[in-house]
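Enquirer: Chains as they are written, first to last, in my numbering: chain D, 296 to 523; chain X, 8 to 275.
Mixed in with the good hints there might be a few duds.
Stated by the list, open to error - Some chain D residues flagged as far from chain X (calculated, every beta-carbon gap over 10 Å):
hint, residue
1, PHE320
2, HIS412
3, ASP436
Stated by the list, open to error - Derived coverage of chain X by chain D (criterion: at least 3 residues anywhere in the stretch with Cβ under 8 Å from a Cβ of chain D; other residues may be distant):
hint, region
4, 50-56
5, 123-130
6, 137-147
7, 170-184
In short, the hints are calculated from the structure, not lab data.
Idealized CB from N, CA, C, for every residue including glycine.
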Amino acid sequence: MTDDIIEQIKQNVIQGRMDKEDEGFDGGMVGQPGVKELVQQALDMGTDPRRMVTEGLTEAMSIVGERFEAKDYFIPDMLASAETVGEAMDILAPHLAKSGMATKGKVIMATVKGDLHDIGKNIVSIILKGAGYEVNDMGADVTPERIVAIVTEEKPDFIGLSALLTTTMMAMKETIESLAEAGLRDKVKVIIGGAPTSAEFAAEIGADGYGADAFQAVRVVEELKQRS
Amino acid sequence: MLIIGERINATSKRVAEAIGNRNAQFLQELARQQVSAGANYLDVNAGRGPGSEQEAEDIKWVIDMVRAATDVPLSIDSSDPQAIKAALAHYRGNAAIINSVNAEDGKLKALLPLALEHQAYLIALAMDDSGIPKDVDGRLRACDRILEQASACGIPLESIFIDPLVLPLSVDTDQGMVTLRTLAEIKARYPQARTTLGLSNASYGLPLRGVINRALLMMAMQLGVDSVILDPLDERLMALVKAAQVVLGRDPFCKGYLKEYRKGRIKE
């Protein structure tokens, strides 16, 4: 029964079905419970919230990621799924706190100095949250000084830097140098992304990783976490 | 409606390579093709990344090559005011468009005097220091600010093309209406000013992007958008532009449409 409802949560996250109003991918699902109702039902049945997260939500998002990379899924599909995960986490948060489940790590996200493009960075933030990370999104046009300050204060495990312009990508290098000068470079892993950037560029400026899209970003974070 | 051809843009890998290798033939072919497909203006962007001085050198070279191949005026496209300054000094032609200014102080201070000095048109993006406002009011505030400062500088409203901007619909499906409502409001508030629209951002993240771009363009044309930045080599899009002119009563005796049809350029 428990396995059954966790599987249902997973399937509904994959379809991005928030609640019973949603007709689902093939239509005809109106009236059947969506993620919101299923999570509540599962809690009422006494299902372990940690299992709902790991076997339901996280597994679902990893399938969404695979489909996105295979180009079966598009950005709106992925956002719909992530939104159901966000809702589920809101419902589960107090129960998870009680059962002592820690987040997988803390990530600071920022679009670098001089760059106002925040859409890609926002998507990465949403998907990282969906994968179980605690994310602090600092917004756009974030100076190296502000990043140094927040790393000092919050001691995150990762920083994700984004830039869309060829003219602002060098601010990523500047940010990494500022972290080094402040003696913080080995305290935090830096991953970068954004249209003009690449794995080569990441290596060149001394970043720890590069993600071409939101799911690659999650994968890079997981790999770096395992290595450390 | 003015068609501004978007293809000569260094964010395209092949164009960036052609600029890097000084492959004039490639750029000139791209220029000629766009003009023959109906472009009234060509946008040129040489921002490959290696810094301001290089971009200034690159854009001057691109301007020379494109002007040697075609007669249409150019839209000089850069996020770097220094590159725009160098390009305009080098251009020496009529009716250049500066692409683009927005409501950021630094941009206005650098680019308004240049527009005046060179009597250039100006594309004004409805955004400010904190990015693209997500709502109509925010975008209109940015437009108000740009137009106020431009008037104070002595630039006539007729010289300004306001772009209401469009954010990716894949991320937020309310954004199509934000763009269209902003466009309608600009037309009402500033009837002497011109308007323009870069289409392709709308379809980012969706499959078959051209279909979305075409739908948006049709709706913007109904609201009377004065120019559009697009890929003139997209035959379906260009055929729809001609068809829309007919539907909107802007093509007497359907002459424009039939001319294209007889050239075999209207595709179903």
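Enquirer: Any hints from earlier that this structure breaks? Give me their numbers in increasing order, please.
Expert: 2, 3, 5
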